[in-house]
Amino acid sequence: MYGNDIPDLLGEVDAAETALREAAARDTGATHGEVAYFDAVIQADQKVEPRDWMPDSYRKTLIRQIAQHAHSEIIGMQPEGNWISRAPSLKRKAILLAKVQDEAGHGLYLYAAAETLGVSRDELVDLLLAGRQKYSSIFNYPTLTWADVGAIGWLVDGAAIVNQVPLCRCSYGPYARAMIRICKEESFHQRQGFEILHTLSHGTEAQRAMAQDAVDRWWYPSLAMFGPPDADSTHSEQSMAWKIKRFSNDELRQRFVDMCVQQAGVLGLTLPDPDLRWDEERQAHDYTQPDYDELMRVIKGDGPCNRQRMAHRRRAHDEGAWVREAAAAYAKKKESLNRNSGRGPLTSAAAPVPRGELP
Amino acid sequence: MNHDYLLQLGDDALIAAQRLAEWHASSPEMEEDVALANIALDQLGAARLLLTYAGEAEGRGRDEDALAFLRDDREFRNCLLVELPNGDFAVTVAKLFFLAAYQLPLYTKLAGGEDERLAAIAAKARKESAYHLDHSAQWTIRLGDGTEESHRRMQDAVDALWPYTHELTSGDVSRDEWLSTVEPVLAEATLERPADGWAPGGGRTGVHTEHLSYLLAEMQVLHRAHPGAKW
Amino acid sequence: MSANDWPLWEVFVRPRRGLSHGHVGSLHAPDATMALRNARDLYTRRQEGVSIWVVPATEITASSPDEKDAFFDPAADKVYRHPTFYEVPEGTQHL
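Residue numbers (my numbering), protein chains in the order written: chain A, 1 to 359; chain B, 1 to 231; chain C, 1 to 95.
To be clear, the hints were calculated from the coordinates, so they are not data collected in a lab.
Check before you lean on any hint, since a few could be wrong.
As the list claims (entries may be wrong) - Taking lysine-lysine pairs in the DSBU-like style, the calculated list, with each CA pair at most 30 Å apart, reads:
| hint | chain 1 | residue 1 | chain 2 | residue 2 |
| --- | --- | --- | --- | --- |
| 1 | A | Lys60 | A | Lys333 |
| 2 | A | Lys91 | B | Lys124 |
| 3 | A | Lys300 | A | Lys243 |
| 4 | B | Lys109 | B | Lys230 |
| 5 | A | Lys334 | B | Lys127 |
| 6 | B | Lys230 | A | Lys91 |
| 7 | A | Lys184 | B | Lys124 |
| 8 | A | Lys184 | B | Lys109 |
| 9 | A | Lys91 | A | Lys134 |
| 10 | B | Lys109 | A | Lys91 |
| 11 | A | Lys134 | A | Lys184 |
Unchecked claim - A few chain A residues that don't get close to chain C, going by computed Cβ distances all over 10 Å:
| hint | residue |
| --- | --- |
| 12 | Ala23 |
| 13 | Ser120 |
| 14 | Gln238 |
| 15 | Leu276 |
| 16 | Gln283 |
Yeah, the Cβ is synthetic: ideal placement off N, Cα and C, and Gly gets one too.
Between the sequences and the hints, there should be enough to build the whole structure, so can you do that?
Have a look at this one:
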């Protein structure tokens with residue numbers, strides 16, 4: 001029912017991981033000098049690691065890209081989590097809760113990768129809350145019905161996977177490794193969204209209409225996730241040279257469209273594009289571009305939910321301050337106690353009850 | 001197996017899960033979002049197994065979803081503690097701590113009981129309860145013995161919730177047993193153990209607080225809006 | 001609100017008996033006890049029976065890539081250390 005796309009994409013993740021290991025075994029053939037070594041590592045498809053010398057702009061670009069990716073995972077929990085409390089079956093509630101939990105985890109993996117570049121997570125969170133770093137604009141749209149949860153899984157996670165699989169080959173080691181881990185965990189997310197929609201489109205008339213309405217609202221914003229058209233994309237060239245970005249916006253967008261058309265057929269739902277058609281010459285689908293002016297407006301802060309998402313994140317951060325401070329205060333107390341008693345700071349950590357074993 | 005008893009166990013877990021899940025994207029730190037979701041998933045998993053069994057034991061053809069989404073609040077058998085609002089993080093920690101201190105010995109007993117199916121469910125749930133107890137105890141200690149503000153909030157939470165703990169210890173788990181888990185942690189947390197006094201109850205016979213009706217309205221609304229639909 | 005309330009910890013996981021611990025990433029936690037628990041939630045959610053080490057990031061001493069000549073070239077010189085350099089006669093199994 002699902003077609004070959006996800007196994008293909010998972011296969012690409014595995015291939016990226018294999019390539020990483022093979023590259024690790026090769027010699028870069030670099031000679032002397034920091035810049036030459038850096039360039040040679042990139043050329044050889046090997047990984048730059050945290051303590052390597054790197055151009056300042058490479059480092060800054062990566063921090064920004066990884067951080068915004070992390071912010072996206074965390075903010076993305078809001079529209080998706082919106083339907084946990086109202087999930088229409090216990091099975092769906094459990095699946096959605098697990099998915100949202102995964103997203104928190106992915107955000108944390110990515111913040112960890114960003115921190116290897118010499119920035120602290122606190123700084124990055126502050127930048128997000130100050131509006132100086134962004135998150136994926138797609139999460140500024142509301143989840144109005146249960147079917148939206150399905151549409152996000154199918155379209156938004158689908159687009160994210162198309163974007164993320166190439167990142168498994170990114171030149172920066174910690175980011176590539178985080179992406180491999182994330183992509184492997186994400187395989188069930190898109191499948192769940194697809195299944196939700198499939199159940200709806202083959203259910204009651206009200207359910208089918210709900211599913212179609214959700215797809216109608218999420219299609220163009222999902223296309224916009226790939227960013228502006230290549231002609232208008234300013235940062236891409238340098239990112240491509242550094243092997244941070246592996247494919248162009250338009251290439252990825254086309255790949256996504258071609259994938260979705262076939263899947264929409266299986267779902268029995270239409271995509272809201274009357275000009276969508278197969279082009280025999282290009283061996284790809286012609287499609288209507290999303291409204292990039294709208295994308296710019298949403299990025300600038302005027303999407304339906306920007307203010308709400310940011311306010312929610314700020315509130316969680318502010319209201320959690322006393323808890324974080326309490327934990328830090330306790331740790332300090334214990335540390336000085338241990339110092340006074342001559343014990344090391346780590347010896348007082350009681351072994352926790354291992355999962356899967358009795359106390 | 002008495003289906004009403006299974007409903008008590010299952011409803012405790014289901015309502016606890018529903019409240020815990022409300023913390024998504026709102027926890028004091030991102031790592032805690034992952035931890036609370038984990039605990040919510042554990043409780044929900046146990047709830048599903050218990051409710052499914054309850055439906056079969058009842059013999060009226062009700063599955064886990066029929067029980068979760070189509071019963072009115074007078075038919076729910078959870079203790080009052082789990083349906084109370086989350087409050088601040090201290091209240092949530094105290095609720096979880098008190099609940100886990102009850103669920104762990106309870107599941108331990110049931111895991112050695114005669115009903116094989118319930119014993120299997122309880123054996124799995126017991127391992128998870130140990131983790132819930134550990135997690136909430138660690139937080140109780142850190143909040144109780146953290147800053148002045150955290151101490152005040154944690155003490156307020158313990159005081160406010162204490163009356164609801166008597167309902168937990170009027171059945172399979174004795175007061176003494178429960179206290180033997182709870183009191184040492186409160187002491188280490190520099191918290192005062194409240195005096196026993198008011199002891200509200202009624203959850204086991206479907207007489208709940210006003211909170212449950214709102215909780216169920218939210219939980220059940222979509223399912224009820226599409227009678228007979230599959231999801 | 002001060003930064004670094006919760007320090008950074010590096011996490012090492014041994015997924016199964018017989019394997020060694022590998023670095024899987026990092027997280028923030030106020031102390032070692034919570035770091036261990038967070039690591040279990042974050043990095044081993046889908047596995048049982050794993051062994052986890054958490055180390056404050058500040059406690060780790062790393063070699064510098066600038067020293068790579070001194071540390072690593074000698075091994076690269078001695079190519080015979082790597083099994084791929086040996087030519088295994090045809091027909092030899094399991095070698």
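Hints versus structure:
1. Our distance criterion of 30 Å between C-alpha atoms is broken by A:Lys60 and A:Lys333, whose separation comes to about 37 Å.
2. Of the supplied pair hints, the one linking A:Lys91 and B:Lys124 holds, its CA atoms being roughly 18 Å apart against a limit of 30 Å.
3. For the suggested pair A:Lys300 and A:Lys243, the alpha carbons sit about 27 Å apart, so the restraint of at most 30 Å is met.
4. The hinted pair formed by B:Lys109 and B:Lys230 fails the criterion: a straight-line CA distance of about 37 Å is larger than 30 Å.
5. Between A:Lys334 and B:Lys127 the alpha-carbon distance is near 29 Å, which keeps this suggested pair within the 30 Å criterion.
6. Between B:Lys230 and A:Lys91 the CA atoms are separated by roughly 11 Å; this keeps the pair inside 30 Å, and the hint holds.
7. Proposed proximity of A:Lys184 and B:Lys124 is supported: the alpha carbons are some 27 Å apart, at most 30 Å.
8. For the hint linking A:Lys184 to B:Lys109, the alpha-carbon distance of about 39 Å lies beyond 30 Å, and the restraint is violated.
9. Distance check on the hinted pair: A:Lys91 and A:Lys134 sit about 33 Å apart at the alpha-carbon level, beyond 30 Å; violated.
10. Between B:Lys109 and A:Lys91, the direct Cα distance comes to roughly 28 Å. Compliance with the 30 Å bound is thereby established for this hinted pair.
11. The suggested pairing of A:Lys134 with A:Lys184 holds, with an alpha-carbon distance near 25 Å, which does not exceed 30 Å.
12. The Cβ of A:Ala23 sits about 15 Å from the closest Cβ of chain C, beyond the 10 Å cut-off, so the non-interface label holds.
13. Interface exclusion of A:Ser120 from chain C breaks down, the closest Cβ pair being 6 Å apart, not more than 10 Å.
14. Chain C leaves A:Gln238 outside its interface by the beta-carbon criterion, the shortest separation being 23 Å against a cut-off of 10 Å.
15. The Cβ of A:Leu276 sits about 38 Å from the closest Cβ of chain C, beyond the 10 Å cut-off, so the non-interface label holds.
16. Chain C leaves A:Gln283 outside its interface by the beta-carbon criterion, the shortest separation being 39 Å against a cut-off of 10 Å.
The structure fails hints 1, 4, 8, 9, 13 (numbered hints given earlier, in ascending order).
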